[in-house]
Structure formats: structure tokens, C-alpha cells
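Q: Can you build the whole structure from these sequences, using the hints too?
2 protein chains.
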Amino acid sequence: METPIAVLGGTGAEGSGLALRLARAGLPIIIGSRDEARARATANTIRTQVGPDTIVEGTANPEAAARSRLVILTVPFAAQLPTIQSVRDRLAEGTVLVDVTVPLAAAVGGRATRTLGVWEGSAAEQAAAAVPNSVSVVAAFHHLSAQHLSDLSHPVDSDVLVCGDQREAKERVRKLVDAVPGARYVDAGPLANARIVESITALLIGINIRYKVAGSALRITGIESPP
Amino acid sequence: METPIAVLGGTGAEGSGLALRLARAGLPIIIGSRDEARARATANTIRTQVGPDTIVEGTANPEAAARSRLVILTVPFAAQLPTIQSVRDRLAEGTVLVDVTVPLAAAVGGRATRTLGVWEGSAAEQAAAAVPNSVSVVAAFHHLSAQHLSDLSHPVDSDVLVCGDQREAKERVRKLVDAVPGARYVDAGPLANARIVESITALLIGINIRYKVAGSALRITGIESPP
Chain B
1 METPIAVLGG TGAEGSGLAL RLARAGLPII IGSRDEARAR ATANTIRTQV
51 GPDTIVEGTA NPEAAARSRL VILTVPFAAQ LPTIQSVRDR LAEGTVLVDV
101 TVPLAAAVGG RATRTLGVWE GSAAEQAAAA VPNSVSVVAA FHHLSAQHLS
151 DLSHPVDSDV LVCGDQREAK ERVRKLVDAV PGARYVDAGP LANARIVESI
201 TALLIGINIR YKVAGSALRI TGIESPP
Chain A
228 METPIAVLGG TGAEGSGLAL RLARAGLPII IGSRDEARAR ATANTIRTQV
278 GPDTIVEGTA NPEAAARSRL VILTVPFAAQ LPTIQSVRDR LAEGTVLVDV
328 TVPLAAAVGG RATRTLGVWE GSAAEQAAAA VPNSVSVVAA FHHLSAQHLS
378 DLSHPVDSDV LVCGDQREAK ERVRKLVDAV PGARYVDAGP LANARIVESI
428 TALLIGINIR YKVAGSALRI TGIESPP
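Quick mapping for you: the protein sequence lines, in order, are chains B and A.
Sequential numbering of the first sequence, starting at 1, is according to this note's numbering.
Sequential numbering of the second sequence, starting at 228, is according to this note's numbering.
In case anyone wonders, no lab produced these hints; they're calculated from the structure.
In this text the structure is predicted, and so the values were computed from the model without any measurement.
Hints may contain errors.
To be verified - For the chain B half of the interface with chain A, some residues (derived, Cβ under 8 Å), not all of them: (1) D157; (2) V186; (3) D187; (4) S199; (5) R210; (6) V213; (7) I223.
Every residue, glycine too, gets a C-beta built ideally from N, C-alpha and C.
A: If you want it as C-alpha cells, here you go:
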């Protein structure tokens, strides 16, 4: 029996956009938030957009985490560790935590076109150090524009660079990527490569500013689709 | 009067491939090398590939640098500073140095899928600290596969992410990018962004290994061509 996909921080722009696309693909979703009422409101909005049969609900982050084995974390960098700490004891063994966090300097009043240095090397590795050993962290979805995701009429045109150290956990994330038309899974190597993948987000934010667009993203050329 | 384009380290795989493509576009080229005879041999090979009227010659790095106002540096990271030091006094005021260096951990016996930390932030910023103030450093061309460049029948399918702090210098590099069919200039922001752009090379090398290809590269989606 598949558990629903929890999207922690799912009331934010990136999280709600991703949840919208996954719900549209027919996947059951639980929106998590610090504020349960806002989580329910976002769930209702998604249901309105996708259709009355959509399986989507909203609840507090810890309950959302507890009811899922595939938990997506989409919060600003400053909220990453507090959110993980608030759900840590509720993560079941074997859960995959999909970390979308980017350590933008904006977290400390700096620019969104720059990243902070993270002691562990990347936000994803920081997450891996903060969850129980029985939880696998996979980094993914950093480059999908929140604005594009939230507009169902806008096709996604981006690869999803996926980093992680457990093959099986990455394969579970591949299914999420495949559920979003226009997104393509690319195996970007071990979790430590999130150092590079996260920083690309800052580069794309700068490109958005210079090119006056809402959602530059990227495609890897020269490869065929799998492995 | 346009000076020729010097390609320092132009006997290597990346440098000779890039020189080949620029020569094919009709740009006059000087191959530079520590070894003058090898530089001449590479120049002859390029002339054979492109045609007898090709303006390409080979000489020692310092002379190549002295005769050009647009100098491309394509050497392994361990050779970057020694090469700059060997040509530093020969760089004319107003020269643009196009740095293609990537600080791969392979430089110290580590993996080509990882980068080293560079004190200045990136290889390009290290170069900028090592050249006279009258020379502008622009970082570019990191993601074009040497193997693909060297095979004229293989179309280039990659954006070129260009970082630099002087607009005019970047515009001179745009002309080089535009001379390579299939390559597209993307303004990747200030020189400090080379930290990100260089590290993407390590990511692509890992993708080459996992996907068993010779030259993965990347395209930015969601933008129109200029600015």
C-alpha cells in the first residue's frame, strides 16, 4: 500500500507548485505546514485546480511526515533544520526525504544569487546529518520554477538533477519526476554533488534577473534518458 | 586591426578542439604551448582539417600571448598559475584572458568528478588575481566536450555560460561563442559565479561516466537568446 506523498512547507510557492503537479498526476498528497489551517487551505486550492477527486489534504508538518514514506522538504534554508527537528521523531524507518533546500544567502539577508557555505557541504548533506540513519535523503527538484509549476498551462521544460547515496531511494524519486510531464530524471551522482546542484539554483536566479524571465531551468545535452 | 586569438595550452584536447572550431569559423589563431614544436604540429593538424587557407600558427605561450589581445587559457588546473606567470609580462593592456580552467581534484590525484576549493573562490578568480590589472578575465567554455569539439562532424549542443565583471570584455567573448555553431552565449553573471560554472564541469564528468557518453553538456531553458 503506497502512502501519500508529504510535502513539508507545502504552502510555500515551490512546495505548493510541486504538490499541484504531483496531485495532477494522480498521486495522493498531504500538504504539511507549521500552520495546519494554511495547509488545509492550500490542499483546497489544489483540489479546486485539479478536480474534486484529487486526493489531497493538509495538516501539520509532523503529522504529514508521520503518514508518509516519501517526504518532500520544500522550505527556505533558514527553516530547514527547525522543520527537520520538528518531524524527526515521526519519520518511519525506510522513509525517503527528498530535500529541495538551497542555501541561498538570502537566508541571512544576502542575495538570492549567492549561496552560503554549509558545514556538511550542502543543504542536502546537512539534512542527511539531521535525520535518523534509517531515513535516506535524496536531493532533487531544485531547478523547477515555482511560478511555472503553479501554472498548469505552463509546460515544465527542465531536467531534474537527482543526488543520493542509495540507489533504491533515488528510484523512488524517479517516479515522482516521471509524474511531471516535461521533467526528466538525470542521475547527478552521490548526495555530496548536491553542493553543485544546489548552487546552480543561485546561478539560475541570476539568469532570471538578467534575462527578465520567471523560470530559467536546465537540460543536460548529449545523454539518452536512462539509466 | 584584429589580433589573432591565442590559445594557450592549445595542444591539449580542450584547447586544440576549441582552436579547431574557431579556425573553422575563419578566425586567425595562434596555438601556444610550453613546447613550440608541439604548438606548430597542432597548428598544422588544424590547417589540414580546416583547409590550406586557414590562418593558424604555433609558437611558445609567451609569444602567443604577446601577439594577441584575446587570449584563451585551456590548461589543467595545476598548470594554470605557472602558465599565467610565464606570460604575465607579455600581456598587453586591454587584453581579455578567457579562462577555461576547472579546479578538478584530479590536479592533486583526486577525482575528476570533484573540485578543489580555491582560495580566491574559483580558478577564474585566481587567474584574475594573477594577471595585471589592465587585463580582464572572463570565464567561459568549460562545458564544451573536447572530444566533440575535435570532431568537426559532431554538432556542438551546448550553452556557454560566461562570467565576468567587465561588460565589454564579455562582449568580445560573445563573438567567440557565436563563431561556434550550436554554442549559445548565456550571461552567467559576475566572475565570482565561475565558482558555480566551473563546478558544473565536475558534475558533467560524473554524468559522462554514469551515462557512458563522451560529452554531456547543458542548455538553459526558459530564456530567449540575448541580452
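Q: Does each hint fit the structure? Answer for all of them.
A: Each hint tested on the structure:
| no. | hint | result |
| --- | --- | --- |
| 1 | D157 | 4 Å, holds |
| 2 | V186 | 7 Å, holds |
| 3 | D187 | 5 Å, holds |
| 4 | S199 | 5 Å, holds |
| 5 | R210 | 5 Å, holds |
| 6 | V213 | 5 Å, holds |
| 7 | I223 | 4 Å, holds |
This entry satisfies every hint, going by the numbered hints stated previously.
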